[in-house]
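Just so you know, the sequences run in chain order V and E. If you're matching positions, the first sequence starts at 334 in this note's numbering and goes up one per residue. If you're matching positions, the second sequence starts at 334 in this note's numbering and goes up one per residue.
Worth flagging that the hints you see were computed from the coordinates, not collected in a lab. It is possible that part of the hints are untrue.
[Unchecked claim] These stretches of chain E come out as covered by chain V in the derived footprint (C-beta under 8 Å, 3 or more residues):
1. 360-372
2. 443-457
3. 581-595
4. 701-715
5. 728-739
[Stated by the list, open to error] With a Cα cut of at most 20 Å, we get these calculated SDA-like pairs of lysine to any residue:
6. V/Lys450 with E/Arg608
7. E/Lys450 with V/Val523
8. E/Lys450 with V/Asp651
9. V/Lys450 with E/Arg647
10. E/Lys746 with E/Ala736
Yeah, the Cβ is synthetic: ideal placement off N, Cα and C, and Gly gets one too.
Number of protein chains: 2
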Amino acid sequence: MTMNHPKGMQTPIDLGLAHSSLRARRMGIHSLQEALVFMRTDCHVCLSEGLSSHSRVLLKTDGHEIIATLYQVRPELLADGEAGLSEAAWLRLGLAEGAMVRISHPQPVDSLSDVRKRIYGHRLDDGGFRSIISDIVAGAYSDVQISSFITACAAFPLDEGETVSLTRVMVDVGERLTWDNAIVLDKHSVGGLPGNRTTPIVVAIVAAHGLTMPKTSSRAITSPAGTADTMETMAPVDLDIAMIRRVVEKESGCIAWGGAVRLSPADDILIQVERALDIDSEGQLVASVLSKKIAAGSNRLVLDVPVGSTAKVRTAQDAKVLASRLSDVASVFGLSTMIIVSDGSQPVGRGIGPALEARDVLSVLQRSPAAPEDLRQRACVLAGALLEMAGAVQTGQGAFIAAQTIDDGRAWKKFQAICEAQGGMRTPPMAKQTQPILASKAGYVDSIDNRRIARLAKLAGAPGSKAAGVQMHVRLGDKTIPGQPLCTVHADNTGELNYALGYASANTNIIRIAPK
Amino acid sequence: MTMNHPKGMQTPIDLGLAHSSLRARRMGIHSLQEALVFMRTDCHVCLSEGLSSHSRVLLKTDGHEIIATLYQVRPELLADGEAGLSEAAWLRLGLAEGAMVRISHPQPVDSLSDVRKRIYGHRLDDGGFRSIISDIVAGAYSDVQISSFITACAAFPLDEGETVSLTRVMVDVGERLTWDNAIVLDKHSVGGLPGNRTTPIVVAIVAAHGLTMPKTSSRAITSPAGTADTMETMAPVDLDIAMIRRVVEKESGCIAWGGAVRLSPADDILIQVERALDIDSEGQLVASVLSKKIAAGSNRLVLDVPVGSTAKVRTAQDAKVLASRLSDVASVFGLSTMIIVSDGSQPVGRGIGPALEARDVLSVLQRSPAAPEDLRQRACVLAGALLEMAGAVQTGQGAFIAAQTIDDGRAWKKFQAICEAQGGMRTPPMAKQTQPILASKAGYVDSIDNRRIARLAKLAGAPGSKAAGVQMHVRLGDKTIPGQPLCTVHADNTGELNYALGYASANTNIIRIAPK
Chain V
334 MTMNHPKGMQ TPIDLGLAHS SLRARRMGIH SLQEALVFMR TDCHVCLSEG LSSHSRVLLK
394 TDGHEIIATL YQVRPELLAD GEAGLSEAAW LRLGLAEGAM VRISHPQPVD SLSDVRKRIY
454 GHRLDDGGFR SIISDIVAGA YSDVQISSFI TACAAFPLDE GETVSLTRVM VDVGERLTWD
514 NAIVLDKHSV GGLPGNRTTP IVVAIVAAHG LTMPKTSSRA ITSPAGTADT METMAPVDLD
574 IAMIRRVVEK ESGCIAWGGA VRLSPADDIL IQVERALDID SEGQLVASVL SKKIAAGSNR
634 LVLDVPVGST AKVRTAQDAK VLASRLSDVA SVFGLSTMII VSDGSQPVGR GIGPALEARD
694 VLSVLQRSPA APEDLRQRAC VLAGALLEMA GAVQTGQGAF IAAQTIDDGR AWKKFQAICE
754 AQGGMRTPPM AKQTQPILAS KAGYVDSIDN RRIARLAKLA GAPGSKAAGV QMHVRLGDKT
814 IPGQPLCTVH ADNTGELNYA LGYASANTNI IRIAPK
Chain E
334 MTMNHPKGMQ TPIDLGLAHS SLRARRMGIH SLQEALVFMR TDCHVCLSEG LSSHSRVLLK
394 TDGHEIIATL YQVRPELLAD GEAGLSEAAW LRLGLAEGAM VRISHPQPVD SLSDVRKRIY
454 GHRLDDGGFR SIISDIVAGA YSDVQISSFI TACAAFPLDE GETVSLTRVM VDVGERLTWD
514 NAIVLDKHSV GGLPGNRTTP IVVAIVAAHG LTMPKTSSRA ITSPAGTADT METMAPVDLD
574 IAMIRRVVEK ESGCIAWGGA VRLSPADDIL IQVERALDID SEGQLVASVL SKKIAAGSNR
634 LVLDVPVGST AKVRTAQDAK VLASRLSDVA SVFGLSTMII VSDGSQPVGR GIGPALEARD
694 VLSVLQRSPA APEDLRQRAC VLAGALLEMA GAVQTGQGAF IAAQTIDDGR AWKKFQAICE
754 AQGGMRTPPM AKQTQPILAS KAGYVDSIDN RRIARLAKLA GAPGSKAAGV QMHVRLGDKT
814 IPGQPLCTVH ADNTGELNYA LGYASANTNI IRIAPK
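The following block holds chain V by itself, in its conformation from the complex (with noise of 0.2 Å):
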């Protein structure tokens, strides 16, 4: 084994644990939330340290210190006295290229106590999730103990009062909105269809009420468009809280990015671990709606539940128990809810990305003709529900004077303002290159897999190309001939173009057609 003697390690007096100090580089490694550290298997550090690949390591700068999880690596890939940075690492100890890192045994983190406690069968109180989550945010868990954690609280489930801490927790740690307003609206959708945008509809449609909706939406991560993207294309979304205020004061609502501000990000974390694992328990999902909603002061929540086969929830029973549980827990904090269950069989509207689903929403709020009704339908319910909960109408004429608020004019006119006062309305892009996908035969359409569709988007580009997607242009039923365009692909370049019509052709039933 040979031994690197870095700059100021010549004395055994420096060798103490806090003057392991390694010169930091960027590998650029993705590594989700986990911070990794990679040093060299002969590095002098690991011998003195004692760490081996898994060990969880104490990185610290003179304004910063986090834990990584250590992978050693073959004397190739670093040099002499070098460690390399996951860019979670890097990013959370805001390195400079070339800076010293000083590397040690991270004190252990107790409220791992706290999870071992829970698997072992005692719930916890406040105090308990409050360690937990708190040591979850500040980065010193590996995915492998958030793997743990996430799989004692399904395992041995929590029950309404933990479900409550980790809700109340899970905010605590978070930035939290407050408004004067007695009534703030929200609204969620669970288990995204492709292209269903209501988000920006229903903003406006309320806000023209002069009801106050803050509204902070995600990003995509696994689809072709969030409504962050579809938003951006329109005005900027990257508000931070002043700003959101700001626009909410003067327009009532707005419809901003989340990842600007910190609202519940335990959720964020967990959310991407539990993917992983693919179990999403009750009392989880629960918290991470509800920690959101009311980190951004929210106490009228309406809650759209697709429910289809290759939806999240597959029947309206499921989506009766998760409602009860939902609502249980969010009377807690003040928040009164109301469920939709909508119909998840296949997209919504005509446009999947950014671009494309902006354009949808533009078509219904300027009363285009060729609006797409579906999209029109499902926004005017989720209004017309919160304008309902809000007291600002009859019970029963939600829906109806939220199609009004749109037919007359008053939700462009507010939707404009917020575009306006978020910095400037844009005009959604149009795609450099477009190619139809036509029908093979004659006969009717009987599914559409709202997956592979949502697929087909991304290898176009979305949303990374925010012109990038597909326009749908039937639904279920409708009947087909031969050569008729089922769809069209838009995209940036040819090469995405191409990946996009290739994945197309070698999956010729993404869009079915039965005989008639």
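With the hints as your guide, set chain E onto chain V.
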């Protein structure tokens, strides 16, 4: 987003799932058992497959296929059309530099639904554990998923039936040794103490009585020496199953490295994740220990359980509980067990490190007057228990007769014969450099920190440098005078010697001296 077109990717028809090929590059990243693949964020395969960091991906060559966890990287780290592989991925695929690897979405891992079943409170039968453990051994699970399985088995503890199933399945997925003899002996120590190297002595004594003891041992993982590391300084230990059989048929016993034969390979994987979580559920500990022994064909087992404040088992009561669960499960497999609770308060013998421990073993077997009495006694107690379990001696006579077997030279003769049969006896190497650590004051030794003594030996280079480690000169209660050597650091080069001495000078109470 730019697109890369490696050879053979020109036409859309080449873009089907099975045809996304990249050139393999060995990254030299040690990720323990988890296979990792690194791909550029702008890689056409990530785009066309819709892959993102932490996606599980299927890697195929003509010969092999594995599932790996994806980390996306900045373009700087890899060339166009390259995929970087961790050591685990590289070796499992048996790749040559520059070979093409086909990358696609893996089929869902069915057994994960068994894990979810277990999480949601359903017990598993042989079939459930079999599918899970087979997939884990095949590398189909990420560490995050293994963590979830381990946690589920702790949060909703394995009952005896499940523990039996898990043990059986762990045996079945690995190789297995069988013996004609009616009685096959084995020995295991829970939570190693530094220098607790009784195995070579125990095997020599037992084999000298003509009893069968095909012992497989591990190399050090976090300790300064494993039994295999120590034995290797005296004879080859890298024996395959045929060789183990030859040695045991000739000499009744062997001391081989378990890593060369795949006895309970699942155990090697689960243990790494359990360590990261710092949870050892009783059920898994029992399955872990017993699966190795059953796979080795043993039917009589002595378990050495050192109890002490820095040992794995803290109290005699805990040892009792563990003992009863362990013997209940063992009996199902026709394996009878005896637990020996021993003192875990300080290192055993004098040497800590492969060659230094080997010299302790040799001095005991050679009846040198300087032989460490504690090591000799521990070995005799364990060997004696085995002699009694085998019915070779009367109950109560075992330890005495074991000592006689050393004293009359039969153990030493047998040990030499075993070493010859394993490939030839060797002389443990001497370190090139040594330096004593001296007592600072008069008094008596009132504590020795097992953990930090082990750390000191690793600093000096153990087990990487076989000759490196620490030689103890004092034991608890010994009187000291200023300047008297407490221990001596052995190293192969000045660098390692200095790191060890530097650590010692920064940690002066590893061997604590209290005033008289």
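Going down the list of hints, with the structure as the test:
With a threshold of 8 Å between beta carbons, the proposed coverage of the stretch 360-372 of chain E by chain V holds, since 7 of its residues qualify and at least three are required. Given as covered by chain V, the stretch 443-457 of chain E passes the check, having 6 residues with a CB less than 8 Å from a CB of that chain where 3 are the minimum. With 0 residues carrying a beta carbon less than 8 Å from a beta carbon of chain V, the stretch 581-595 of chain E misses the three-residue requirement, and the given coverage is violated. Only when three residues or more bring their CB closer than 8 Å to a CB of chain V does the claim for the stretch 701-715 of chain E stand; here the count is 0, and the claim is violated.
Three residues within the 8 Å Cβ limit are the bar, and the stretch 728-739 of chain E against chain V gives 0, so the coverage statement is violated. Between V/Lys450 and E/Arg608, the direct Cα distance comes to roughly 17 Å. Compliance with the 20 Å bound is thereby established for this hinted pair. Of the pairs offered as hints, the one joining E/Lys450 and V/Val523 is violated, with about 24 Å between alpha carbons and a cut-off of 20 Å exceeded. Between E/Lys450 and V/Asp651, the direct Cα distance comes to roughly 18 Å. Compliance with the 20 Å bound is thereby established for this hinted pair.
A threshold of 20 Å between alpha carbons decides the hint, and for V/Lys450 with E/Arg647 the separation of about 18 Å falls inside it, so the pair holds. Simply put, E/Lys746 and E/Ala736 have alpha-carbon atoms about 14 Å apart, close enough for the 20 Å limit, and the pair holds.
Checked against the numbered hints above, the structure violates hints 3, 4, 5, 7; every other hint is satisfied.
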